[in-house]
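Combine both chains into one complex, guided by the hints.
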Amino acid sequence: MTGISARGIEVRYNGRPAVAGVDLEVAPGEWVVLVGPNGSGKTSLLRALAGTVAAVGEVEIGGRSRGILGRRRAARLVALVPQDPVLPGGMTAAEYVLLGRTPHLGYWAAEGAADRRMALAALERLDAASLAGRPLGALSGGERQRVVLARAVAQDSAVLLLDEPTASLDIGHQQQVLDLVEGLRQERSIAVLGALHDLTLAAQYADRLVLLARGRVVAEGPAAAVLTPEHLSLFSGARVVLLSGPGGELVVAPRREAPGEERGWGASARAGAEE
Amino acid sequence: MNPEKPLRRVGPTGLAVALGLLIAVLVGGVLVGAVGLAPGRVLAELVDRLPWVSVDSGLSRQEAAIIWDLRLPRLVLAALVGATLAAAGAAYQGVFRNPLADPYLLGVAAGAGLGATLGIVSAGAASPIVPGAAFAGAVGAVLLTYALGGVAGGGRAGTTLILAGVAVAAFFTAVQTFVQQRHADTVREVYSWILGRLSTVGWTEVGLLAPYAVVSVVLLLLHRRLLDVLAVGEEEAETLGVGAARVRLVVVLAATLGTAGAVAVGGLIGFVGLVVPHAVRLLAGTSYRVILPLSVLGGAAFLVAADLGARTILAPAEIPIGVITAFVGGPFFAVVLRTSRRGWGP
Numbered sequence: 001m002t003g004i005s006a007r008g009i010e011v012r013y014n015g016r017p018a019v020a021g022v023d024l025e026v027a028p029g030e031w032v033v034l035v036g037p038n039g040s041g042k043t044s045l046l047r048a049l050a051g052t053v054a055a056v057g058e059v060e061i062g063g064r065s066r067g068i069l070g071r072r073r074a075a076r077l078v079a080l081v082p083q084d085p086v087l088p089g090g091m092t093a094a095e096y097v098l099l100g101r102t103p104h105l106g107y108w109a110a111e112g113a114a115d116r117r118m119a120l121a122a123l124e125r126l127d128a129a130s131l132a133g134r135p136l137g138a139l140s141g142g143e144r145q146r147v148v149l150a151r152a153v154a155q156d157s158a159v160l161l162l163d164e165p166t167a168s169l170d171i172g173h174q175q176q177v178l179d180l181v182e183g184l185r186q187e188r189s190i191a192v193l194g195a196l197h198d199l200t201l202a203a204q205y206a207d208r209l210v211l212l213a214r215g216r217v218v219a220e221g222p223a224a225a226v227l228t229p230e231h232l233s234l235f236s237g238a239r240v241v242l243l244s245g246p247g248g249e250l251v252v253a254p255r256r257e258a259p260g261e262e263r264g265w266g267a268s269a270r271a272g273a274e275e
Numbered sequence: 276m277n278p279e280k281p282l283r284r285v286g287p288t289g290l291a292v293a294l295g296l297l298i299a300v301l302v303g304g305v306l307v308g309a310v311g312l313a314p315g316r317v318l319a320e321l322v323d324r325l326p327w328v329s330v331d332s333g334l335s336r337q338e339a340a341i342i343w344d345l346r347l348p349r350l351v352l353a354a355l356v357g358a359t360l361a362a363a364g365a366a367y368q369g370v371f372r373n374p375l376a377d378p379y380l381l382g383v384a385a386g387a388g389l390g391a392t393l394g395i396v397s398a399g400a401a402s403p404i405v406p407g408a409a410f411a412g413a414v415g416a417v418l419l420t421y422a423l424g425g426v427a428g429g430g431r432a433g434t435t436l437i438l439a440g441v442a443v444a445a446f447f448t449a450v451q452t453f454v455q456q457r458h459a460d461t462v463r464e465v466y467s468w469i470l471g472r473l474s475t476v477g478w479t480e481v482g483l484l485a486p487y488a489v490v491s492v493v494l495l496l497l498h499r500r501l502l503d504v505l506a507v508g509e510e511e512a513e514t515l516g517v518g519a520a521r522v523r524l525v526v527v528l529a530a531t532l533g534t535a536g537a538v539a540v541g542g543l544i545g546f547v548g549l550v551v552p553h554a555v556r557l558l559a560g561t562s563y564r565v566i567l568p569l570s571v572l573g574g575a576a577f578l579v580a581a582d583l584g585a586r587t588i589l590a591p592a593e594i595p596i597g598v599i600t601a602f603v604g605g606p607f608f609a610v611v612l613r614t615s616r617r618g619w620g621p
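The listed protein sequences derive, respectively, from chains A and B. Residue numbering for the first sequence follows the working numbering, beginning at 1 and increasing consecutively. Residue numbering for the second sequence follows the working numbering, beginning at 276 and increasing consecutively.
Among these hints, one or two may not hold up.
Stated by the list, open to error - Partial selection, computed: residues in chain A whose CB lies under 10 Å from chain B:
1. T2
2. S65
3. G67
4. I68
5. R71
6. P103
7. W108
8. P135
9. L161
10. L184
11. R185
12. G221
What the hints assert, rightly or not - Not the full set, but computed from the structure, chain B residues with beta-carbon under 10 Å of chain A:
13. A411
14. L497
15. E513
Said to hold, decoys possible - Residues from chain A that keep clear of chain B, each with C-beta distances beyond 10 Å, as calculated:
16. R12
17. A20
18. Y96
19. T102
20. A109
21. E111
22. S140
23. Q155
24. A158
25. L169
26. H197
27. V218
Treat the hints as calculated values from the structure; they're not laboratory data. From a predicted model like this one, the values you see are computed outputs, not experimental measurements. In this text, a Cβ means the ideal position worked out from N, Cα and C, and glycines have one as well.
So here's chain B without its partners, still in its complex pose (with noise of 0.2 Å):
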């Protein structure tokens, strides 16, 4: 027996399982449409676009340009929305040690809500403005949420951020609600952006997502031997030579960063931060270098084919991608935590 074996990290079985299953919805996701397209052309379609490879798929240059512009932006998108939103939550859960905890837990969601209630009701839902808006709503509401906690709670304790976040989120959809009352010709449309949706985007949205979910990923990435050293509590952490509250601080402006450039372009897309690392958990491990690599690839896998169901179960109709990921995301969670015995507890 290798010796140190009990210390082995994310397995290759595991990381291999993950990157088949993100290609393989990926795939899918490529193939199938609104338009119907013969899978062998689309297949064709884009392995001509290899370096030094020449297939003719035969696809019309318009057929050509649904795939090019309109199914692959998606899919990319939301490929990273899903990443993005998956290593955030499992980072929360890892920094404030509670199972609860989701990427939207310090007053993200609340913060970019009002933000983009304030830009469709300005200008109009198809306003460049809106995503940017959100955008600082979110980033607005956690530095509130760290401000407030700093001056509720010596050396902003877990507990009292996320009590503050909890203040912070009241506050802001309150403000929200109002705005929106007074506008109530613009509900439709906040409501549908509250919802989730990826149905309008293109490269440019991807183009300004990349950046901060590369960054947020990678930042929480490098974060998770020291997340496994905040399971044994802050204290402890201290004694190990690690401090507790700096970490937090890094780890949250890290998934703040990716979360806020998540909800701008996709809107508040509910459920992934929250299941996926704990599906994740309850099959391959508590330890944060297993949950995170493959919450990231779980997450980006989980919302891919949960996007193609909402394009493609009442097509040419959307569903709305957050009641898909609610709806599939629920009992899938309920049979993980039948069917495993690993838990949270000691």
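So here's chain A without its partners, still in its complex pose (with noise of 0.2 Å):
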């Protein structure tokens, strides 16, 4: 069983810090979901946890160094599910999920008949496989991330990092995808963690929640936790209530302020849970 679990990691970009010093683990089988405003570091944090990004820190999957690991083995092992993934418009689905099996093939190999099966495989997983043949330019958003879910499935990766996932889908593709990355989660005990931006599908489908903000961990722990008006105040002075779901579900909704309440940025962290 292979977890991810980083200490010390700093990005910076020309000098600027994006990611100030993060130590953050995720056990196999685990859920974990980053939650922060725009600009505190999250997509730094995975593409330092993918080695896309020059970082300060160690960065360890299944308790081996991804430097000693190396690019291919390293990318056997974790896969990243990118918030603006590169689609070549005239590629077809099962191309793109293809290119999955890339970390299992040497440098001059082809592609075998067993990668095209679990490319396939990958497709049909995530209820795609009559995309297969689409070119990627004609698919839908919720199409669309579903054929790129596929890729990093046909990867098949112990470590599955998300940035974004859900963000340009409407609220049943966003549940949709969820449900998908908690279905293979649970099938193949895979560390998910994942940046999300709608807070309540975070308390809801995480087991825990990391906060960023100017790229520190600010809390972590479950939803209730860390989901306080005091660190919610964090999010542009956002104005929201914290509701109780049906289930007894944490629900973060927005509300717009009434005319004659108090206005303006950082006056509103007065969100309280109203039972």
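Rendered as structure tokens:
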């Protein structure tokens, strides 16, 4: 079983720190969700874990250092679903998903029948088998996201990093994608680390939340402990109410300020649980 | 339905069409020439050389020499140059993810131009050192581009390299113009070299180019899967375990070797490396597993056909082949672009 852990991660862009010393651990089969305002370092942290940005600190995958594993072996263990994946318009969904087999192939090798089967099985697993022959340019937002996830599934990794996998999806598709990830997590006990903007979905799907602000971990733990009025004021002074759903689940509902109420950014940290 | 159908690569139909086209233009090329020889006799002469076959073609020794020492080496060279330039162009478009990329992108043309000019100025257009000088200039220019790109931007990112190539090409072209101005008497030879020529070649030139062309084309073909991986961008390629910078370096070196060899013997034949891969992409699909092999065959066929036009349209005079490739390639490309729905964008 393989999880991922990071110690002292720092990422800088032109000297400006985006991630300033983060420790993090995701156990096999665990789903950890990164939350935080825009610019809090969620994407940079995920990129550091995926090895696509220069970072200070130690990343260990299944107890072994990423540096020692090397690029290709690390890619067999960690898959990243980027926030804004590059989707070549003329490539078919099946061809795209087949790219997920890349880390399992030698430099000169071509995919074999087993790789093709795994790619098509990944599409099927995400209820996207019918999209196989379609060019990526002709897919809708929801279809596209399932195909991108299918590529990560074909990669057959033990760790799945998701950067805003539900951005630009309607609410039904958001749930569909998260349910698919949840299914994969249970089936293969993969470690899932995802960044999500929607705090209600984050609270409902995560085993544990990690709240980032200005590149640091501000709070960590179960949703009820992290999504407090004090912490929610970090989100650009959001005006929200914390509600309890019919099953006792946490709901973070945005609230428009009524006329006459106190106005202004940062003045609305008065969110409180209404029971 | 075959469940693996969406993953089938080069269809046998596509390969058969491209191969048929190439064979057709090769046969056309050997039958037609400035000296009229009866087609039946030419074919008989060719068949006669097959093992265990003996046919009397009825051609004189001199006529047979026209076929064996003039037409055939020229055809083979046109095919090699066309295949190499088209494969290099396709590979460049892949590693730089740029539809405007052609084999001359990183300064090969300017470097070869300077090398050839220096060679022509110092030893004359007919000198055997001209191809060598052009080859050295082409390879030197690309190495300089890589060095400059590495100094300028971290990690030799694609765009940095392209900009470094622009700088190197401008510098080499300036030097070449200066040298040319100082030796105005050679302007005509230099100019004719720049427009491309396959007219004065024999088996020697074929022998010079063949090793570079074969190594380059084979290396590029072997990278066709990795070029598809690079289509998702450098960062995602990294998360798939592929070092984009290293793949780009190997592909650029392979393409440079082939291109330098091609310009050394054939001059700066333009348009092949840009138009052939695009035509293939528009007609047959966007995967490099399709584009590369079909570009090799299509590039060879295109240049053989262009050379056939170059030596017959105004016979016995010859038109520079670069004029033909641009004159025919431009409108042809426009038609393909208009009638196809496949494009570069998303």
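Hints and how they fare:
1. T2: Violated, about 16 Å.
2. S65: 16 Å, violated
3. G67: Check failed: Cβ of G67 of chain A comes no nearer than 14 Å to chain B, outside 10 Å.
4. I68: 15 Å, violated
5. R71: 5 Å, holds
6. P103: Since chain B brings a Cβ to about 3 Å from P103 of chain A, closer than 10 Å, the hint holds.
7. W108: 6 Å, holds
8. P135: Hint on P135 of chain A: holds, closest Cβ of chain B at ~8 Å, below 10 Å.
9. L161: 9 Å, holds
10. L184: For L184 of chain A, the interface hint is violated, since the closest Cβ of chain B sits about 17 Å away, which is over 10 Å.
11. R185: 19 Å, violated
12. G221: Result: violated, 29 Å to nearest chain B Cβ.
13. A411: 30 Å, violated
14. L497: Holds, because the Cβ-Cβ distance from L497 of chain B to chain A comes to roughly 6 Å (cut-off 10 Å).
15. E513: OK, holds: E513 of chain B within 10 Å of chain A, min 5 Å.
16. R12: Its Cβ never comes within 10 Å of chain B, the nearest being 13 Å, so this holds.
17. A20: 22 Å, holds
18. Y96: 8 Å, violated
19. T102: At roughly 4 Å from the nearest Cβ of chain B, T102 of chain A sits no farther out than 10 Å, so the non-interface label is violated.
20. A109: Answer for A109 of chain A: violated, closest chain B Cβ roughly 8 Å.
21. E111: 7 Å, violated
22. S140: Since the minimum Cβ distance to chain B is about 13 Å, S140 of chain A lies beyond 10 Å and the statement holds.
23. Q155: 7 Å, violated
24. A158: 14 Å, holds
25. L169: Answer for L169 of chain A: holds, closest chain B Cβ roughly 18 Å.
26. H197: 21 Å, holds
27. V218: 27 Å, holds
The structure is inconsistent with the numbered hints 1, 2, 3, 4, 10, 11, 12, 13, 18, 19, 20, 21, 23, although it conforms to all the rest.
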